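Put the complex together from the two separate chains, hints included.
Residue numbers (the working numbering), protein chains in the order written: chain A, 44 to 378; chain B, 4 to 136.
Because the hints were derived from the structure by calculation, they are not lab data. Keep in mind that a hint or two might mislead.
What the hints assert, rightly or not - Pairwise CB distance ranges (calculated): (1) B:P7 / A:F364: 47 to 55 angstroms; (2) A:P315 / B:P7: 24 to 32 angstroms; (3) B:R120 / A:D87: 44 to 52 angstroms; (4) B:N59 / A:G342: 27 to 35 angstroms; (5) A:L102 / B:R115: 50 to 58 angstroms.
To be verified - Cβ-to-Cβ under 10 angstroms is the rule here; a few derived chain B residues that face chain A: (6) P8; (7) A9; (8) D14; (9) S17; (10) L29; (11) L32; (12) A37; (13) L38; (14) L44; (15) R48; (16) L50; (17) I52; (18) H57; (19) F58; (20) V61.
The model shown is predicted, which means the values in this text are computed figures rather than measured ones. Heads up, the beta-carbon is just placed ideally off N, CA and C, and yes, glycines get one too.
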Amino acid sequence: MTRILAILLVFAQPAIRDLLSGRWKTRGNTLFSVRVDPAFAASDTARAIMRTFRLRVWLWTAVVAVAFALAPADAFHRSHWITVALLVTLAGNTVAFALANRAVSTMASPVPAPATRTATLHSPGEPGVVPLALIEWCGMLFPLLPPVAASILLILRAAPSVFVAPMLAISYAIALLQIQTVWSLRFGARESDWAPDPALSRRYRAYSGLINTLIFGFISLNGCTLLLVPPGRMFTYFAVSLPAQIVVTFVAFRLRAWLKRHTVESSSDPMPDDAWKWGQFYFNPADSALVVPARSDVGFSPNFARPSVWITWTVANLGVFGGLAYVLRATLHSM
Amino acid sequence: MKKPPAKVLLDLDSAVAAWRQIADQLRTLIVEGALPPGEALPPVRRLAIDLGVHFNTVAEAYRSLAAEGFLEIAHGHGARVAERENPRRATPEVAVDFRRRLRELVAGMRARGLSPRQAAGELRLMAAGLEKL
Numbered sequence: 044m045t046r047i048l049a050i051l052l053v054f055a056q057p058a059i060r061d062l063l064s065g066r067w068k069t070r071g072n073t074l075f076s077v078r079v080d081p082a083f084a085a086s087d088t089a090r091a092i093m094r095t096f097r098l099r100v101w102l103w104t105a106v107v108a109v110a111f112a113l114a115p116a117d118a119f120h121r122s123h124w125i126t127v128a129l130l131v132t133l134a135g136n137t138v139a140f141a142l143a144n145r146a147v148s149t150m151a152s153p154v155p156a157p158a159t160r161t162a163t164l165h166s167p168g169e170p171g172v173v174p175l176a177l178i179e180w181c182g183m184l185f186p187l188l189p190p191v192a193a194s195i196l197l198i199l200r201a202a203p204s205v206f207v208a209p210m211l212a213i214s215y216a217i218a219l220l221q222i223q224t225v226w227s228l229r230f231g232a233r234e235s236d237w238a239p240d241p242a243l244s245r246r247y248r249a250y251s252g253l254i255n256t257l258i259f260g261f262i263s264l265n266g267c268t269l270l271l272v273p274p275g276r277m278f279t280y281f282a283v284s285l286p287a288q289i290v291v292t293f294v295a296f297r298l299r300a301w302l303k304r305h306t307v308e309s310s311s312d313p314m315p316d317d318a319w320k321w322g323q324f325y326f327n328p329a330d331s332a333l334v335v336p337a338r339s340d341v342g343f344s345p346n347f348a349r350p351s352v353w354i355t356w357t358v359a360n361l362g363v364f365g366g367l368a369y370v371l372r373a374t375l376h377s378m
Numbered sequence: 004m005k006k007p008p009a010k011v012l013l014d015l016d017s018a019v020a021a022w023r024q025i026a027d028q029l030r031t032l033i034v035e036g037a038l039p040p041g042e043a044l045p046p047v048r049r050l051a052i053d054l055g056v057h058f059n060t061v062a063e064a065y066r067s068l069a070a071e072g073f074l075e076i077a078h079g080h081g082a083r084v085a086e087r088e089n090p091r092r093a094t095p096e097v098a099v100d101f102r103r104r105l106r107e108l109v110a111g112m113r114a115r116g117l118s119p120r121q122a123a124g125e126l127r128l129m130a131a132g133l134e135k136l
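Isolated chain B (complex conformation) (with noise of 0.2 angstroms):
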């Protein structure tokens, strides 16, 4: 079965910065297999007509991601997803990092009227899913 098109959405509404919405979905669909390496994304420009945003914006979204080694990007041959292994051990530092920003998360969800077990069972599913890599 032919895979569906990796999607980017932009939320206009929210306090998260458009550049970084888009890193951040990007960098998912890097890091869960959906834009698997050598893949060419589209141009900036491309892109940013797509979401109605400036290409500054897109452009700072594809340099951040280059800058932390998601992509390749090439003068002339647009942003390429990198070949990146992902490093076998986390120091504690990243760890508390993630405890730190799933709890910003978490407490940013829970002001927008996600109840607590809504927000435990999401984290559940979330877990098990992770269980299984």
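The following block holds chain A by itself, in its conformation from the complex (with noise of 0.2 angstroms):
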């Protein structure tokens, strides 16, 4: 049962990737990150890119889904090979995102980025911000909350495990990883990048924010139950919990999807081409902005040229690998 949950989970992330898919050519008329004509993103070159991209991406999940199959059965009963499994997953993706980015590179006629770049010299003051203040504040210290409660918790049990330094070493990477990225779309972001509208810009911003600390503020939530609940109390916490945790994130979902209608498509997109790396991360050192909207429809991008950004997430990703490599690496001794 376990191994056809994880198998399944294995292929949920191309099956989102394959709904999205569609939409990866509408911002701003580009097509796996690289600015093209219209015509280029009708025609049937582009169409037999996005098909070797869907079967690239497919054919690698598959891969992943038989290594699990063939597996020994009691790795499914550890929940991080289930991580292992989608972080290679992701990787593969990433990589057939990055040769369909060079296909159309290649292959499309270049489109000069915009010569023209305008700002509005709005007054700081703006009607409506406290709620999205609110927001933003609470974006920042949500996924902090889970490691800090679960190590004063564990501080007055005064019971530690082999797992506890790892999995809060990686909730509180998360913490970081969200602190500054909330911190980056309300403080380090260009208006008119994400709304021709400052106000409007701000709110979907804000709720961007939100949504990212929502995931990862749950995932932190659910390592850190794991290290205080006894294992026969999980499934009570999940029934409760997961519920729960999937209606907050689908809500904030809808109110971003009501209002990108009214942001990203009309906003403007001052990036060249070449700052955007395999076409998903984005280094552009002659750009102050700390944060930009991907190209690909799918969120955002940090702007990797900017020491803070480069700083945190180096800082962010040894923890989290640091911690995953540590509980890996106990689990495989005790089997």
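This is how it looks when you write it as structure tokens:
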């Protein structure tokens, strides 16, 4: 049963990507993060590139699923094996996207980035900013609550296990990334990238940050609960908590989707094509923005050329992958 | 009716340096009254992000306007439009400088395809607007 659930979870990723792939050509007339002529986006060449991309994603997922099917049965009782499989699938998808990005760059004629940029000199006090500020602060603090609460409770209980330190390291790393992301969306984003109207732009960014923080905050919450709740009670916890998590995340997604109709489609995109490394990672030292909307229409990308971004990401990734490697090593030794 | 917010436009293809483009437009907005005295300008970091340029570019534009007396820069409080009275009489050098810059501007525009008739039409429009002040 666990094996089947794990394989379904692995397949969920390309399925979601497939659902979203139809939208990938929409943002600012880009296809796989390359600015193209609308005629090219509708051409047979573009359709062939999209087909090849989908084929690669599904093939890679099938390979991961087969590896899962052939793995020893014991592995499926460890939830972090699923994490590894999801990460491997994600890496495969990223490579497939990069290959599609290269194919479009080679085949489409280059379309230059707009030569003009506009900034609005609005006054700092805008109406309706207090609830947004509340959302933004909640977004920054929510992922920090589970590891802090878990740390305090574990210190009080004085019952450390081999998984406590790595799990807390992962949770703190997730919190660090979320604080950086929500901070960047509030203070380090170019308003016109998200919406022509500054007030709408800020609202859209606040909800985007909230969604991100909810998804990763819940991952952190579930991870920390694993440390605190006895294994026999985990089912009760998930039975109550998971539906609530899904509903809250769904509501946040709906709110953002409602805003999106008025925002991203009509916003400007001054980013040059060559700043999009592998089509998905934004690296532009000439740009002061800390975060920009992703051209793949799935979320946003930090500007990895900014020191505050790459320092935070390095520290956070050391925490996440270091913690994960430690847990895997401990599990393999105990098997 | 609510006044539309003032905007700064940056032309990346222009031969004019980015900091000068920003300074020129802010000066125009201040002189024309779109940015009244005491109005706070966006922080350097904010404007740099919005225009997609380095912080130093905007800082240079602000410094240059502060040196000309258009802005007051207070550390920790950002930049504000300064109370400034335009001189009642221009020196002959100012008029000479004005003529020279106008000729350069018209020549530059003609080099980019603006016909003499169009240039004259635009100048007449501007002159009519100035005479009403």
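Handout entry: Contradicted hints - numbers only
Key = none
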